[in-house]
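J.: Single-letter residue listing:
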Amino acid sequence: MKPLALVPTLAIATTISTLLLAASPVRQDGGAAPAAAAPASITLDPVHSMAVFRIQHLGAGYFWGRFNELSGGITWPLDDSAAPSFDVTAQVNKVDTGSEKLDGNLQGPNFFNQAEFPTITFKSKSAKKLGERRYAVTGDLTLRGVTKSIEVDCTVTGVGKAPTGQKVGMECTFAINRADYGMKWGIDAPKGALGSEVKMVIALEGDVAKAKD
Amino acid sequence: MNPIVQYVLEVVVLPALIACAAFSPFLFPPLRRRAWRVEAAVGTVFALTFFLSFITELDHRAVLRQVIAIEGDDAPFERWHRLGLVALLLVPAAWLLGFARRKRSASRGMTSTLGSALLAAILCGVFVSFPGSGLLIQVAQGVLILASILAWLLTNQAVLWNAWVVFGVLAALAGLGGFASLAVMCGALSVAGFGTAFLAGIGARSALQIDPVRPAGAMAVVLGTLTALIARCGMAYDTTGVSPVAWAAAALLPLASVAFSGRFRRAERNRAKTFWAWLGVAILAIALLGLVGWQQSAKEGAGDAGGDDYSDMYGG
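Residue numbers (my numbering), protein chains in the order written: chain B, 1 to 213; chain Z, 1 to 316.
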């Protein structure tokens, strides 16, 4: 066969193979589905992370306070391909109600007992996806030395950029019965001084660890 | 009933009333004529009052948890709950001490009291520790207990009125220190002091040649142990900056009963002697509370000057 006769044959073969490759769902990376991003390690930014709590006072108004400077970390793939996991710690001596005296009372043995139980921790165990960037996270809450499993509703509020790198924000909410953790003052005695249900809103913001080159 | 009034009645007044009522026969003749029984009974009133107030405020399991594991109980173990156990153990201790002193001479009786005081200091130093304690602090705690017992021995016939004042001061300090539960328990002890002092006064009038109630053994050991341990507990759990010196001073307040001892000797009547022995403690108590209150107010005033730190908007 003359070499020139091969040219149309090669052109047809190249065109067909190009079309076939373009139409094929199988990519050149070996045929796997889109690769999930690796979970990012997010270190909590203590300035912009806090836990806000709400409790009823004397059967009347809702009283709000907060724990400042939460520490710990979150692991979460930024493309939301998997659930986040949490390891968060609050220092009892960082409770802030706007009243120094009240802060002291809350740190005392009738409430958080800072001298014996200086930290409150939450460690997640599992999570169930509820929607886009929203999860029901189950984990262990340790408060006053008592550990109980709770379910926390967590929403990723955003992924942003700061001069220092990427930031991730999350908001988690849950409610506990404080008597379950041995914090009974004001429920039965004095009766109704403070409510038993405590609602918590945890605002978390963390810095995404930069990938190593 | 107003919940606060009900709470005060249940946790402060009722425990003291029950204990006073149960042991009041010992403050009246014929039981009043045996000093050792009176001492043991009055010591029991204070220990029992604290115990009853403790279990009303918390739970009897708070005491049980100190010695045994309770099935199905997941409440936290807290070190200060050992106070309830100590109070319970002081009840039989008061009767043992009283019984041991019953036929001894004054000098041998004093030796037995000092021995008991030393034993109480050692046992509490070893078995009762609060957060942040180390060896030195435990030794200091033992010394405070010993000193407090000796101070109560000096209160002489004003012991019960002084108990009213001293436990009142401890209640106020606990309240200022953000420790409401300890405050109400001390309040109950103060009511017990007032109740026993009142009943002892009536008992003394009901018959001739009745000696005033004086601490010589069991009563001083019970009062000194409770006072010093409450002060130590208050120091350890303080969250509002009440000075440890103030707590120690409160535990040693009974020493002030010797302040007017010169006047005391010249006084003829028992009631006058009691008054002068009480007055020194009362004056020092007011001075101490005034000083602590002033310190707290000054601190609160200074706290207003603080500002928020917005210096690092990114927290980096």
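Check each hint, because a few of them may be wrong.
Stated by the list, open to error - Under the rule of at most 27 Å between Cα atoms (straight-line distance), these lysine-lysine pairs were calculated in the BS3-like manner:
1. B:K125 / B:K167
2. B:K94 / Z:K103
3. B:K167 / B:K101
4. B:K191 / B:K123
5. B:K148 / B:K123
6. Z:K273 / B:K101
Just so you know, these hints were derived from the structure itself, not from any lab.
J.: If a hint holds in the structure, say so; if it doesn't, say that too.
T.: Verification of the hints:
Distance restraint check for K125 of chain B and K167 of chain B: the Cα-Cα separation of roughly 23 Å lies within the 27 Å cut-off, and the hinted pair is therefore satisfied. Between K94 of chain B and K103 of chain Z the CA atoms are separated by roughly 58 Å; this puts the pair beyond 27 Å, and the hint is violated. Proximity of K167 of chain B to K101 of chain B is assessed by CA-CA distance (about 35 Å); at most 27 Å being required, the pair is judged violated. Taking the CA atoms of K191 of chain B and K123 of chain B, the gap is near 33 Å; set against the 27 Å cutoff, the hint is violated.
With a C-alpha separation of about 11 Å, the suggested pair K148 of chain B and K123 of chain B falls inside the 27 Å cut-off, and the hint holds. For the hint pairing K273 of chain Z with K101 of chain B, the CA-to-CA distance comes to about 41 Å; that exceeds 27 Å, so the pair is violated.
This entry does not satisfy hints 2, 3, 4, 6, going by the numbered hints stated previously.
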